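J.: What follows is the residue order along each chain.
Number of protein chains: 2
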Amino acid sequence: MSDRHELALIDWIRQQAKPAVGLQVGIGDDAAVWQVGGKSLLLTTDMLMEDVDFLLSEVSAASIGHKAMAVNLSDIAAMAGRPLVALVAVALPKNRGIEFARELHQGMQTLADQFEVAIIGGDTNTWSNSLVVTVTLIGEATDRGPVQRSGAKPGDWLFVTGPLGGSIRGKHLSFTPRIHEALELHKLVDLHAMIDISDGLSADLHHILDESGVGATLFAESIPLTDAAQQITDDRSPLEHSLSDGEDFELLFTVSTADGRKLLAGECAVPVFHIGEVEAVPNGRLRMPNGTIIPLKRSGWEHSF
Amino acid sequence: MSDRHELALIDWIRQQAKPAVGLQVGIGDDAAVWQVGGKSLLLTTDMLMEDVDFLLSEVSAASIGHKAMAVNLSDIAAMAGRPLVALVAVALPKNRGIEFARELHQGMQTLADQFEVAIIGGDTNTWSNSLVVTVTLIGEATDRGPVQRSGAKPGDWLFVTGPLGGSIRGKHLSFTPRIHEALELHKLVDLHAMIDISDGLSADLHHILDESGVGATLFAESIPLTDAAQQITDDRSPLEHSLSDGEDFELLFTVSTADGRKLLAGECAVPVFHIGEVEAVPNGRLRMPNGTIIPLKRSGWEHSF
Numbered sequence: 167m168s169d170r171h172e173l174a175l176i177d178w179i180r181q182q183a184k185p186a187v188g189l190q191v192g193i194g195d196d197a198a199v200w201q202v203g204g205k206s207l208l209l210t211t212d213m214l215m216e217d218v219d220f221l222l223s224e225v226s227a228a229s230i231g232h233k234a235m236a237v238n239l240s241d242i243a244a245m246a247g248r249p250l251v252a253l254v255a256v257a258l259p260k261n262r263g264i265e266f267a268r269e270l271h272q273g274m275q276t277l278a279d280q281f282e283v284a285i286i287g288g289d290t291n292t293w294s295n296s297l298v299v300t301v302t303l304i305g306e307a308t309d310r311g312p313v314q315r316s317g318a319k320p321g322d323w324l325f326v327t328g329p330l331g332g333s334i335r336g337k338h339l340s341f342t343p344r345i346h347e348a349l350e351l352h353k354l355v356d357l358h359a360m361i362d363i364s365d366g367l368s369a370d371l372h373h374i375l376d377e378s379g380v381g382a383t384l385f386a387e388s389i390p391l392t393d394a395a396q397q398i399t400d401d402r403s404p405l406e407h408s409l410s411d412g413e414d415f416e417l418l419f420t421v422s423t424a425d426g427r428k429l430l431a432g433e434c435a436v437p438v439f440h441i442g443e444v445e446a447v448p449n450g451r452l453r454m455p456n457g458t459i460i461p462l463k464r465s466g467w468e469h470s471f
Numbered sequence: 167m168s169d170r171h172e173l174a175l176i177d178w179i180r181q182q183a184k185p186a187v188g189l190q191v192g193i194g195d196d197a198a199v200w201q202v203g204g205k206s207l208l209l210t211t212d213m214l215m216e217d218v219d220f221l222l223s224e225v226s227a228a229s230i231g232h233k234a235m236a237v238n239l240s241d242i243a244a245m246a247g248r249p250l251v252a253l254v255a256v257a258l259p260k261n262r263g264i265e266f267a268r269e270l271h272q273g274m275q276t277l278a279d280q281f282e283v284a285i286i287g288g289d290t291n292t293w294s295n296s297l298v299v300t301v302t303l304i305g306e307a308t309d310r311g312p313v314q315r316s317g318a319k320p321g322d323w324l325f326v327t328g329p330l331g332g333s334i335r336g337k338h339l340s341f342t343p344r345i346h347e348a349l350e351l352h353k354l355v356d357l358h359a360m361i362d363i364s365d366g367l368s369a370d371l372h373h374i375l376d377e378s379g380v381g382a383t384l385f386a387e388s389i390p391l392t393d394a395a396q397q398i399t400d401d402r403s404p405l406e407h408s409l410s411d412g413e414d415f416e417l418l419f420t421v422s423t424a425d426g427r428k429l430l431a432g433e434c435a436v437p438v439f440h441i442g443e444v445e446a447v448p449n450g451r452l453r454m455p456n457g458t459i460i461p462l463k464r465s466g467w468e469h470s471f
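So the sequences go chain by chain: A and B.
Following our numbering, the numbering of the first sequence begins with 167 at its first residue and continues without gaps.
Following our numbering, the numbering of the second sequence begins with 167 at its first residue and continues without gaps.
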């Protein structure tokens, strides 16, 4: 199955979904939003697979556990929510000992503790195959409500919470999910749309554009680059890495111009970078340092500059 | 890792768990019970793995989807709850086409529809490896509250909702989770303790005994046998199959003698079988048709008759 098929499949699954009592946001955002007993619960699940999301030969069990919890926390952050409880299902390779399993769990538990998340259930299995970890995380929206992908408006400013690119060098395993940053921003300004950067800046920007029915221009020189992105010596520039590498797990969000100015005026303790503007004209564009504007491909991997 | 190590690991994980606001039942029952916004939510997660829970060469994608949803529904049934919403994470083998993925999803969706469960979120992945499906299901307790494993009392009668044994012949894939039966029973009588039979009658009875701090005697001649258990010709008797085969997904529950009589008096539309009695003396026992009482091993696989 190709990536194109995978996207078609997800679209098809989304079409199959039935309406449910209290369901405010279903498949297609970073988390579902489900009203129950007067609360807005946020629900998300992520599965990590050996050799896809990590290499067992290169990383510790604890860091896999960290990542498994962190990617879910990042989804709750993308909705500007507070995480509450988690369930964990694992398929452990039979040839790994119980110490490995404990370290894996400890990696999850440590990050869960840090964000006051209780692990309240699970399913522990062993098999003669690769490691798979699924975490399901449930949080709640704040009184200001959840932030969706669909709220971007022409004229909005685009921001990210940190430098991008080259996360494969380590950040994809060790990153801190932007829960506190999202809550802080949500208090200070009216967040119109938000997503966490997991597929890459360009791809995730397009998710916001698709759901909001708008376009955008990114300012190439304003995109903050990680040291890793600047140090990689391959056939792609640091800018290309920042646009196309996945798993930065920074937040990409849009706010009104007025709120954007407020954020830049230093009223915000969270580091934010103004990297572009939302427009009524559809599709994504990239304004290069020399002023040229070029189309921004959905997948950074394909773009041609 | 051996089964013994696996159980030790689960105990250890249970010890690591922190208390959480609103958490009424944590790791160690069929589902967690979490109070939120005045509701008692029931939460469970189960992972199915190729070559462990099903053989891709022998079963349809739809029946794998059915089973993945059904095992979770069975956990909600074991708490006498109503299922509400589900999240689905899959690792799809790259060499299977999109039709396979659709059929798998359709298997889940059909059963979800049947029990009015909405699939509200998911994570769809592909990899060059075996099929893994994780479903997380959330339900709610009825006004009578959730039924735990820990409420069995000496003098209680033990019941099951259907015949046992030999589910490997097909029932483990095609079974109907006992949601309606559990709700009906919960209305009619005071269910003291309940569990779904996934590990096998003997093992799951011991889970109730452990959590309730009691013992029990099963009546060998009263245990209902499936046709499959009666037809298997191997070195184990049909009785042994009924005690030790897993994945029957019938409910095992205890009620007071008075409520037990009520169920047998024909006031109950749900088929129930009176198979034993709870006692103050610890451990499980088996009363053979000739009156001999022998110890009941935790795992049916090991017992010596």
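Treat the hints as calculated values from the structure; they're not laboratory data.
Predicted, not measured: the structure shown is a model, and the values here were computed from it.
Be a bit skeptical, because a hint or two may be false.
Identical copies look the same in the list; a pair holds intra-copy or inter-copy alike.
Derived pair list, reagent style DMTMM-like, types lysine to aspartate or glutamate, alpha-carbon separation capped at 25 Å [to be verified]:
#1 260 with 217
#2 184 with 265
#3 184 with 216
#4 260 with 216
#5 260 with 356
#6 184 with 306
#7 463 with 413
#8 260 with 413
#9 319 with 377
#10 184 with 413
#11 205 with 282
#12 463 with 265
#13 463 with 177
#14 463 with 443
J.: It remains to establish, for every hint, whether it holds in the given structure.
T.: Structure-based check of all given hints:
Taking the shortest alpha-carbon separations for residue 260 and residue 217, both the intra-copy value of 17 Å and the inter-copy value of 14 Å come in at or below 25 Å. Taking identical chains as interchangeable, the C-alpha atoms of residue 184 and residue 265 lie at most 25 Å apart only when they sit on different chains, with a minimum of 20 Å there against 43 Å within one chain. In this assembly of identical chains, the alpha carbons of residue 184 and residue 216 never lie at most 25 Å apart, being 32 Å within a copy and 28 Å across copies at closest. For the identical chains of this complex, residue 260 and residue 216 are neighbours both inside a copy (14 Å) and across copies (15 Å), given an alpha-carbon limit of 25 Å.
Taking identical chains as interchangeable, the C-alpha atoms of residue 260 and residue 356 are never at most 25 Å apart, the minima being 49 Å within one chain and 42 Å between chains. In the homo-oligomer, the alpha carbons of residue 184 and residue 306 lie at most 25 Å apart both inside one protomer (22 Å) and across protomers (19 Å), since each shortest distance falls under that limit. With identical chains, the CA atoms of residue 463 and residue 413 are at most 25 Å apart within one copy only, with a shortest distance of 18 Å there and 49 Å across copies. When the C-alpha separation of residue 260 and residue 413 is checked against a cutoff of 25 Å, the pair qualifies only between copies, where the shortest distance is 22 Å, while the shortest distance within a copy is 29 Å.
For the identical chains of this complex, residue 319 and residue 377 are intra-copy neighbours only, at 11 Å inside a copy versus 55 Å across copies, given an alpha-carbon limit of 25 Å. For the homomeric pair residue 184 and residue 413, neither the shortest alpha-carbon distance inside one copy (31 Å) nor that between copies (29 Å) is at most 25 Å. When the C-alpha separation of residue 205 and residue 282 is checked against a cutoff of 25 Å, the pair qualifies both within a copy, at 18 Å, and between copies, at 21 Å. Taking the closest pair of Cα atoms, residue 463 and residue 265 never come within 25 Å of each other, the shortest separation being 45 Å inside a single copy and 28 Å across copies.
In this assembly of identical chains, the alpha carbons of residue 463 and residue 177 lie at most 25 Å apart only when taken from the same copy (20 Å versus 50 Å across copies). Within a single copy, residue 463 and residue 443 get their C-alpha atoms as close as 16 Å, which meets the 25 Å cut-off; across copies the closest is 68 Å, which misses it.
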